[in-house]
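Protein chains in written order, with our numbering: chain S, 1 to 179; chain C, 1001 to 1350; chain R, 2001 to 2167.
No wet-lab data here; the hints were simulated from the structure.
The beta-carbon is built from N, C-alpha and C at its ideal position, and this holds for glycine as well.
Incorrect hints may have been included.
[Said to hold, decoys possible] Have a look at the derived ranges for each label pair, beta carbon to beta carbon:
1. S:HIS37 - R:ILE2014: 52 to 58 Å
2. R:PHE2146 - C:VAL1195: 57 to 63 Å
3. C:GLY1064 - R:GLY2164: 42 to 48 Å
4. R:ARG2111 - C:GLY1064: 33 to 39 Å
5. C:PHE1109 - R:ARG2111: 51 to 57 Å
6. C:ILE1201 - R:SER2012: 43 to 49 Å
7. R:ILE2014 - S:MET16: 52 to 58 Å
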Amino acid sequence: MQALTNRSASVDRKPMTFIERLYLWNVIKGMMITFSHIFKKKATINYPEQTRPFSPVFRGLHVLNRDEEGKERCTACGLCAVACPAEAITMEAAEREPGEEHLYREEKYAAKYEINMLRCIFCGLCEEACPKDAIYLSETFAPSNYTRKGFIYGKEELLIPNPKSEASKLAEARGNTSN
Amino acid sequence: MTLLTIDWMFLLQKLILIAVIITVSLVIAMYATYAERKIAAIMQDRRGPNRAGPFGILQPLADGLKLFFKEEIIPNSSSKFLFILGPSLAMLTAMMTCAVIPWGNKLEFGETSISLQIADINIGMLYVFAIVSLGVYGIMIGGWSSNNKFSLLAALRGASQVISYELAMGLSLIALLMMTGNLSLRSIVDQQMAVGSLWNIAYQPLGFLIFFICALAECNRAPFDLPEAENELNMGYHQEYSSMKLGFFLFAEYINMFISSAIMATLFFGGYDIPFLDEKTLSPNLAAILGLGAFMTKIFIFIFIFMWIRWTLPRFRYDQLMDLGWKKLIPLALANMLVTGAVILWQMKG
Amino acid sequence: MEPTEILFWIISGIAIFSALMVLLSKNPVYSVLWLIVVFFCITNHYILLNAQFLAIVNMIVYAGAIMVLFLFVIMLMNLNTISEPRRTLWVRLAGVVSGGLLLTVIISTVRSAVDMNDKKALMSTGDIGLIQNLGKVLFTSYAIPFEISSILFLSAMVGAVVIGKKE
């Protein structure tokens, strides 16, 4: 049979020579390999103190955006939920009452917005589908949790801090996610 | 200070020596667990334990504490006494071998000189051998009294491995014995220390190789760790054990490793002999302390080699293990013995 | 009393107790373990007699090898009290009578043996059991019986190999 690539190596089926059957030489060769690994660079890092740099296109935990005045951008159109291949997003819409204009940008807003992080595959299609620039994937990943319920992120976990009233908190969050 | 014709001061001195040696070997065994994890990590390009204390040096304490706080489970259907006896015996036989190892030369405090050896009996090597052969009981009793068929099978596996490799071990030692003409470990060391004499490894390289392989098998170390093959043979004879009783079994393995390193250093690598140095030129106390240091260095090198092998070689299959023991090592040891005998005869004639 | 004498009595007491336990324990595994204790006591007796080589060899051969094989067999046979066959009264009676007779014979021979009368065992003296003396005796005055017994062992080994090869 003709080989498709030149990468395949043919298996040597010659009977072992005496030296090979002694096994001792091969043992020493193997031990030299492990010994050389003592001086190699470590592949791991001290995780909580050091973190690996994320690439700028890293798709991590979701955030729900606010605009410059601190109004929620999401209008509960449901496009993200439709786009989601893992069906991780659910939401309930509500109508903005008079006097809530400083809270929500559009007349319709998401009263409930939940992402199940156990279902989510972090593909980023919700981010692409969103017409209002409301949902973004940040550069962190979901921390561990004791219960399944803990992985269902509601609005309080997803919404970024208000840039007006909680400017310092927002800066802190930005600082944490950008390093 | 003699009462009942016993020299009580002598007894006290020996008791203190025993306490010190046991403590030291326990501490070394403790840190051997740390070294094992660290060496495994380094050889696999990882970092290893580094959380408990600086560089993780408190890790063995944390591990020990964890074992103490684990729930003590004794299976209902096991015979309770034997279940406890098993790990205790494993620990006891591991510790008993320290008695005849010469840790160093004599220390001198004014009039009294203290030998750094608990007992210099004239059958030292046979004593080591006897204790090693008793080590099987810990495994067997532990495995049987768990009343679990997997434990029992693993115990039988372990026992037959230990018995098989004892033979080759003994035969490889006989060749050494024929050369030294002495069973006392201290006089074997003294022979190697004498000016102009080489270490026994120079005369018995094959014997050492056989002894080393057998020591690996006797300590249940990789690549012969079939009695407790954690990941493929259902854990082994300590399957039903938990808490510190499990700890005893695991600990006994490390003590065994330490002791067998000490024996190899004594028999083949000159014991507390410092290479290229005539100890007689130094003051006796300094020579004894330096000798102890040299001996410990040799032991640590051996322990490192034990671990190095563990993190390099894959486990043997059981039939390969038996094949190696009975069909390769024993004939080889016999041939080694024969050749040694012939050479000794030839030298005596010439 | 000398310390060796005190030790002698303690060890003898343990030896007799554990020998009794070999007979009395219901579980054969316990019997074997008690038998190991007996061997240990005998090893200690050898040490008291200053026969160090014999002591260690006793430990290696009996406690270290033979008893391990015993344990092997008994553990694998899985003997327990239920599978033990019930013996009839007659068998038990015959056992008691024959055992008693044996005991009487042994006691009477020991009592009538002249060269054992009024003699104490050697304690912490004597050098018959040391490895050098034993080796000299075995290879000079008893060379032929020694070699014959080693041929016996060799034949046993050859026999084992032959049985193992046959398939």
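We went through each hint and held it up to the structure:
no.: 1; hint: S:HIS37 - R:ILE2014: 52 to 58 Å; result: 54 Å, holds
no.: 2; hint: R:PHE2146 - C:VAL1195: 57 to 63 Å; result: 39 Å, violated
no.: 3; hint: C:GLY1064 - R:GLY2164: 42 to 48 Å; result: 46 Å, holds
no.: 4; hint: R:ARG2111 - C:GLY1064: 33 to 39 Å; result: 59 Å, violated
no.: 5; hint: C:PHE1109 - R:ARG2111: 51 to 57 Å; result: 55 Å, holds
no.: 6; hint: C:ILE1201 - R:SER2012: 43 to 49 Å; result: 45 Å, holds
no.: 7; hint: R:ILE2014 - S:MET16: 52 to 58 Å; result: 56 Å, holds
This entry does not satisfy hints 2, 4, going by the numbered hints stated previously.
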